[in-house]
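The lines below spell out each chain.
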Amino acid sequence: SAVISQKPSRDICQRGTSLTIQCQVDSQVTMMFWYRQQPGQSLTLIATANQGSEATYESGFVIDKFPISRPNLTFSTLTVSNMSPEDSSIYLCSVLITGATTSGGYTFGSGTRLTVV
Amino acid sequence: DQQVKQNSPSLSVQEGRISILNCDYTNSMFDYFLWYKKYPAEGPTFLISISSIKDKNEDGRFTVFLNKSAKHLSLHIVPSQPGDSAVYFCAARGNQAGTALIFGKGTTLSVSS
Numbered sequence: 001s002a003v004i005s006q007k008p009s010r011d012i013c014q015r016g017t018s019l020t021i022q023c024q025v026d027s028q029v030t031m032m033f034w035y036r037q038q039p040g041q042s043l044t045l046i047a048t049a050n051q052g053s054e055a056t057y058e059s060g061f062v063i064d065k066f067p068i069s070r071p072n073l074t075f076s077t078l079t080v081s082n083m084s085p086e087d088s089s090i091y092l093c094s095v096l097i098t099g100a101t102t103s104g105g106y107t108f109g110s111g112t113r114l115t116v117v
Numbered sequence: 001d002q003q004v005k006q007n008s009p010s011l012s013v014q015e016g017r018i019s020i021l022n023c024d025y026t027n028s029m030f031d032y033f034l035w036y037k038k039y040p041a042e043g044p045t046f047l048i049s050i051s052s053i054k055d056k057n058e059d060g061r062f063t064v065f066l067n068k069s070a071k072h073l074s075l076h077i078v079p080s081q082p083g084d085s086a087v088y089f090c091a092a093r094g095n096q097a098g099t100a101l102i103f104g105k106g107t108t109l110s111v112s113s
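For the record, the sequence lines run as chains A and B. The numbering of the first sequence is our numbering, which starts it at 1 and goes up by one. The numbering of the second sequence is our numbering, which starts it at 1 and goes up by one.
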């Protein structure tokens, strides 16, 4: 399975500022996903990020608030823009390795715990 | 509307006994189901999966059962160990290639020694 390095692991940010989260994978992957886990909630898909195309956002998430870059097959960033306390969550990136025999094909980063004050 | 539901937020079990975690889903187009384990400050780690064409998959102490007619799956851990204490997430995938997983809210399992 792939190994994902996600940075930063945690941050405390002032409201109104922006934070960019990085996701680096040790192998080339086509499918990358960004999730949010609010306190006590499930992992909610923010968007699917495929290299060479615009990210596809889920209902309730917009590009202006969560811009995503996917410059190559091993790297992606998610920016949380103009933050408010409601954005305090754990943000996770995930990749899909097609044909993987372990991990069910899906692997997750360790997450970024964001607190907005 | 939640498509994957884990109705028990927590479960407490004694070491050596069986832990049974339940999951229900509403979308009949789901074709693949997975269970993840998550510790605080870590990402979810894969435990076991099952295809919709099967009704059981076993891997060591972990067994997943799928009842398609009831749209229900369960994870059995036997015997339970204190190191199994974590949050367990049920996830499902649609039948289109490359789709993302849809998660339940998780069940916190506590195994006491």
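Be careful, since some hints might not be right.
[Claimed, not checked] Computed cross-link-like contacts, DSSO-like style, restricted to lysine-lysine with a CA-CA straight-line distance of at most 30 angstroms:
| # | chain 1 | residue 1 | chain 2 | residue 2 |
| --- | --- | --- | --- | --- |
| 1 | B | K68 | A | K65 |
| 2 | B | K56 | B | K5 |
| 3 | B | K54 | B | K71 |
| 4 | B | K56 | A | K65 |
| 5 | B | K5 | B | K105 |
| 6 | B | K54 | B | K68 |
| 7 | B | K105 | B | K71 |
| 8 | A | K7 | B | K54 |
| 9 | B | K5 | B | K68 |
Since the hints were derived computationally from the structure, they do not count as laboratory data.
Tested hints:
1. B:K68 / A:K65: Answer violated: K68 (chain B) to K65 (chain A) is near 38 angstroms, above 30 angstroms.
2. B:K56 / B:K5: Holds: K56 (chain B) and K5 (chain B) sit about 20 angstroms apart, inside 30 angstroms.
3. B:K54 / B:K71: Holds, at roughly 13 angstroms.
4. B:K56 / A:K65: With Cα atoms ~42 angstroms apart, K56 (chain B) and K65 (chain A) exceed 30 angstroms; violated.
5. B:K5 / B:K105: Cα-Cα ~7 angstroms, so holds.
6. B:K54 / B:K68: holds (9 angstroms)
7. B:K105 / B:K71: holds (17 angstroms)
8. A:K7 / B:K54: The given pair, whose Cα atoms are some 38 angstroms apart, is violated under the 30 angstroms limit.
9. B:K5 / B:K68: holds (15 angstroms)
In summary, the structure is inconsistent with hints 1, 4, 8 from the numbered list given earlier, while agreeing with the others.
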